[in-house]
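Next come the chains, spelled out residue by residue.
2 protein chains.
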Amino acid sequence: MRDAYHEELDSIGEALVDMARLVGSAIGRATTAILDADLKLAESVIAADQKVDDLQHDLEARAIALLARQQPVATDLRIVVTSLRMSADLERSGDLAQHVAKLARLRFPDSAVPYDLHATILEMGQLAQRLMAKAAEVIVTKDIDLALQLEQDDDAMDLLHRTLFQHLMDDRWKHGIETAVDVTLLGRYYERFADHAVSVAKRVVYLVTGEHADELQQDVQPAIKGEGQAVAGGDGV
Amino acid sequence: MRDAYHEELDSIGEALVDMARLVGSAIGRATTAILDADLKLAESVIAADQKVDDLQHDLEARAIALLARQQPVATDLRIVVTSLRMSADLERSGDLAQHVAKLARLRFPDSAVPYDLHATILEMGQLAQRLMAKAAEVIVTKDIDLALQLEQDDDAMDLLHRTLFQHLMDDRWKHGIETAVDVTLLGRYYERFADHAVSVAKRVVYLVTGEHADELQQDVQPAIKGEGQAVAGGDGV
Chain E
1 MRDAYHEELD SIGEALVDMA RLVGSAIGRA TTAILDADLK LAESVIAADQ KVDDLQHDLE
61 ARAIALLARQ QPVATDLRIV VTSLRMSADL ERSGDLAQHV AKLARLRFPD SAVPYDLHAT
121 ILEMGQLAQR LMAKAAEVIV TKDIDLALQL EQDDDAMDLL HRTLFQHLMD DRWKHGIETA
181 VDVTLLGRYY ERFADHAVSV AKRVVYLVTG EHADELQQDV QPAIKGEGQA VAGGDGV
Chain H
1 MRDAYHEELD SIGEALVDMA RLVGSAIGRA TTAILDADLK LAESVIAADQ KVDDLQHDLE
61 ARAIALLARQ QPVATDLRIV VTSLRMSADL ERSGDLAQHV AKLARLRFPD SAVPYDLHAT
121 ILEMGQLAQR LMAKAAEVIV TKDIDLALQL EQDDDAMDLL HRTLFQHLMD DRWKHGIETA
181 VDVTLLGRYY ERFADHAVSV AKRVVYLVTG EHADELQQDV QPAIKGEGQA VAGGDGV
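Protein chains in written order, with the UniProt record's numbering: chain E, 1 to 237; chain H, 1 to 237.
No lab work stands behind these hints, which were simulated from the structure alone.
A few of these clues could be false.
As the list claims (entries may be wrong) - Straight-line alpha carbon distances no greater than 30 Å define the calculated BS3-like cross-link-like pairs of lysine-lysine that follow:
hint, chain 1, residue 1, chain 2, residue 2
1, H, Lys202, E, Lys102
2, H, Lys51, E, Lys202
3, E, Lys51, H, Lys202
4, E, Lys174, H, Lys51
5, H, Lys51, E, Lys102
6, E, Lys202, H, Lys174
7, H, Lys202, E, Lys174
As the list claims (entries may be wrong) - Take a look, some chain E residues computed to stay more than 10 Å from chain H by CB distance:
hint, residue
8, Gln71
9, Val140
10, Val205
As the list claims (entries may be wrong) - Using C-beta positions, here's what the derived DEER-type ranges look like:
hint, chain 1, residue 1, chain 2, residue 2, range
11, H, Asp171, E, Lys40, 30 to 36 Å
12, H, Leu122, E, Thr75, 48 to 54 Å
13, H, Ile79, E, Asp110, 29 to 35 Å
None of these values were measured; they are calculated from a predicted model.
Virtual Cβ for every residue (Gly too), placed ideally from N, Cα, C.
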């Protein structure tokens, strides 16, 4: 019984990795689509987001079924609840990649990105893809050092975002308002995508180190005492 | 025992309503702050978001403790898991209200919003606040008709968002790039805020009607059969 149970827990982990790989690929392809004004590629990214949504839906169903049937406590409960949150991060990342692709489609046959910003947007897209690849690796390896690296990568994303804004605010900006609006939204999409990748990695850190778990246990302790019932499992949650 | 349990479930519901009220107030005050260039008000909105984060943290701790101690199944399990998701929506809404306030602070003593857009932004802010007030009411009353109203309100938000874009794209736009960028981001914040309010209401609908639950049960049935174990509780999840 416990074996089937842990197999199912593992399969939830695998679904998270699948989602991370799909959205990492999506942001890379969406970036190519918007820089090259490639309508076909944009359409394929937009269509492929359904697969991410399906994976999330399936993962949630399995996580909730697991809670109902196995009623995990302590670490296992934390893993299931955290997996639900990670899947929400990844689903949202997929939406953001789709937003980039939709902007590519909206401006086709033009590119939404002026040539003097191609390098910056390319770098943001590549960094976003790398961040998600690392997040997937963190899910698999539970490597805390790698997880902490993602925060530094996110600083690099913030720097690129500021570069983008400097271009926009430069008096010599000559691409008009529509492009300024597009570039503003694009910057926001990449920044939020990166935030979600960092969030996934942070949740793994929380699972491994139980960092939040201690505070959490303090919070719930009075309620537990008030009901005169001990918490099942070793670490309270 | 069951009474204390349901009391705790109720208190989670109350915490959600508290969060919704706080973020509804926050978006209203942030809108005033940005239109009036009121630095003090902006600062108070920025500081108040901590309270929302604390409420979420506390709610999550209690929800997870409840899962561990009471191991709910069926409807009760669905309520707890859905509450976790709603709290994430509300926490994020709080962030978005804070973003509006931060933009007010950044542009002080100027207003980030040019006069000819004051009415549109005011309307977006008011609508956002109303949407969140309705979401809070839906949590309390579980009124499905009211929940469905939110989607119509969201259509009105989309319309306002398009109005904003029409202003931006108008050849007569005379407020420069910086303001165009500010207005683009503002529009996005209000739109996302509204999305989260709608999402909260939709999750209540799901709880009451169990709409997703049926699909969900179909998904997990083979796995359950494979392990030769029935799902506890009436509606499977």
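Okay, the hints, checked on the actual structure:
For the given pair, Lys202/H sits about 25 Å from Lys102/E by alpha-carbon distance, which is consistent with the 30 Å threshold. Under the criterion of a C-alpha separation no larger than 30 Å, the hint pairing Lys51/H with Lys202/E is consistent with the structure, at around 22 Å. For the hint pairing Lys51/E with Lys202/H, the CA-to-CA distance comes to about 22 Å; that is within 30 Å, so the pair holds. Straight-line distance between C-alpha atoms of Lys174/E and Lys51/H comes to about 43 Å, which puts the hinted pair past the 30 Å bound.
With a C-alpha separation of about 36 Å, the suggested pairing of Lys51/H with Lys102/E is violated against the 30 Å cut-off. The hinted pair formed by Lys202/E and Lys174/H fails the criterion: a straight-line CA distance of about 44 Å is larger than 30 Å. A C-alpha spacing of about 44 Å is found between Lys202/H and Lys174/E, which places the hinted pair above 30 Å, so the restraint is violated. Interface exclusion of Gln71/E from chain H breaks down, the closest Cβ pair being 4 Å apart, not more than 10 Å.
Chain H leaves Val140/E outside its interface by the beta-carbon criterion, the shortest separation being 23 Å against a cut-off of 10 Å. No beta-carbon of chain H comes within 10 Å of the beta-carbon of Val205/E; the shortest separation is about 16 Å. Restraint check, Asp171/H to Lys40/E: a C-beta distance of roughly 32 Å satisfies the suggested window 30 to 36 Å. Hint check: Leu122/H to Thr75/E, Cβ distance near 49 Å, so the stated range 48 to 54 Å holds.
In this structure the hint that Ile79/H and Asp110/E lie 29 to 35 Å apart at CB is violated, the actual value being about 49 Å.
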